[in-house]
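**Q** Heads up, the sequence shown is in this note's numbering, so the first residue is 125 and it goes up one at a time.
It cannot be assumed that every hint is accurate.
Here are the simulated DMTMM-like cross-link-like pairs (lysine to aspartate or glutamate), alpha carbons at most 25 Å apart as the crow flies [to be verified]:
1) K332 <-> D351
2) K319 <-> D372
3) K332 <-> D399
Think of the hints as simulated: they come from the structure by calculation, not from any bench.
Values in this document were obtained by computation on a predicted structure and should not be read as measured data.
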Amino acid sequence: MSSDPSTQPRIAIIGGGLGGLALLLTLHRRGVPATLYERDPSFNDRAHLGGSLDLGWKSGQRALRENGLQDAFDNNSRPEGEEMRICDGTGKIHLQLGGEGGHHARGPPKGKEDIRPEIDRTVLRKLLLDAVPPDLVQWGHALSSVRALGDGMHELTFANGTTIACDFIVGADGAYSRVRPLVSPAVPEFLGTTKLPALAETVANVGKGTMMAMQDSHILGAQVNGDGRIRTYAWFRAPASWTIPASDPGAAKAVLRERYAGWPAWMLALVDRCDESAIYPRALWTLPVGHKWEHVPGVTLVGDAAHLMSPFAGAGANLALLDGLELGLALADLKGKGSLGRRGRCLRR
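Input sequences plus hints: build the corresponding full structure.
**A** Set out below in structure tokens:
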């Protein structure tokens, strides 16, 4: 493939989450030029959001391994974070996976392929970001509109006034993707569940990994993060429009106290000791199962933009990373064959 910039495909990745960064890194390491556009002004703008993720050997870890980040992952992840306790609303433990006295979901661990170490989302995102040249990520670029130019090319306009033309767009912009409408009319469907995540101090009853207490359509979850803090989640049925006053995030504590009245004091302590500045409501949405779209030249999707799902399966981050890897490998393969040129049709694969 020629190194002449005029013959290089202009690939725009919209969204700097895990899928977009995995794709950018995969392309960069294989000599395929691409630029990622992220709406946040900087990495630190929302670095406090997101808890801990467990990555599978054949999915999320594979995306890291094939991009030279396995050692970095091993050094920053927590195998002990696999520990999980399932309780009821009284605090009685019904199932414990991992840890002392616990059972292993797939029998005794035999090696790396048998465990799913935990890593904080912020740490993982930073590992990916630090592995690419800074100029490949354009911060403060919120996509406003896309206009088809014909022959698979599109014009992207950002909220800051920047306009670019590109040969390929990859929507890695999450649940409310602005790229998705180019290929699919599908919109997220409300799951009927709302969660309130918050950061709290360590509570011994949670253990070293995750605790989930469930009763009467309510779930209280707590997850140990790498810095020793515990991220607390409350899930319950509520309308999609349900919220808490932006001016009074502490009001959420009163709401949760009422909703979880009668639950053990140590569980309610997870609520009481939360950092009020880190409390926010989030309705849970999903795209239709089996979501797919007809080929549109020059456009495709990865991650939540393609297959938004409930967080309870713990698969979203792994699939986003795997999407980024596999799409990047496909594009790199076409480059190697000399067929990844401007105005190509490679995204049909």
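**Q** Hint by hint, note whether the structure agrees.
**A** Outcome of the hint check:
1. K332 <-> D351: Between K332 and D351 the Cα gap is close to 12 Å, so the pair holds against 25 Å.
2. K319 <-> D372: Roughly 17 Å separates the two Cα atoms, so the pair holds.
3. K332 <-> D399: holds (20 Å)
This entry satisfies every hint, going by the numbered hints stated previously.
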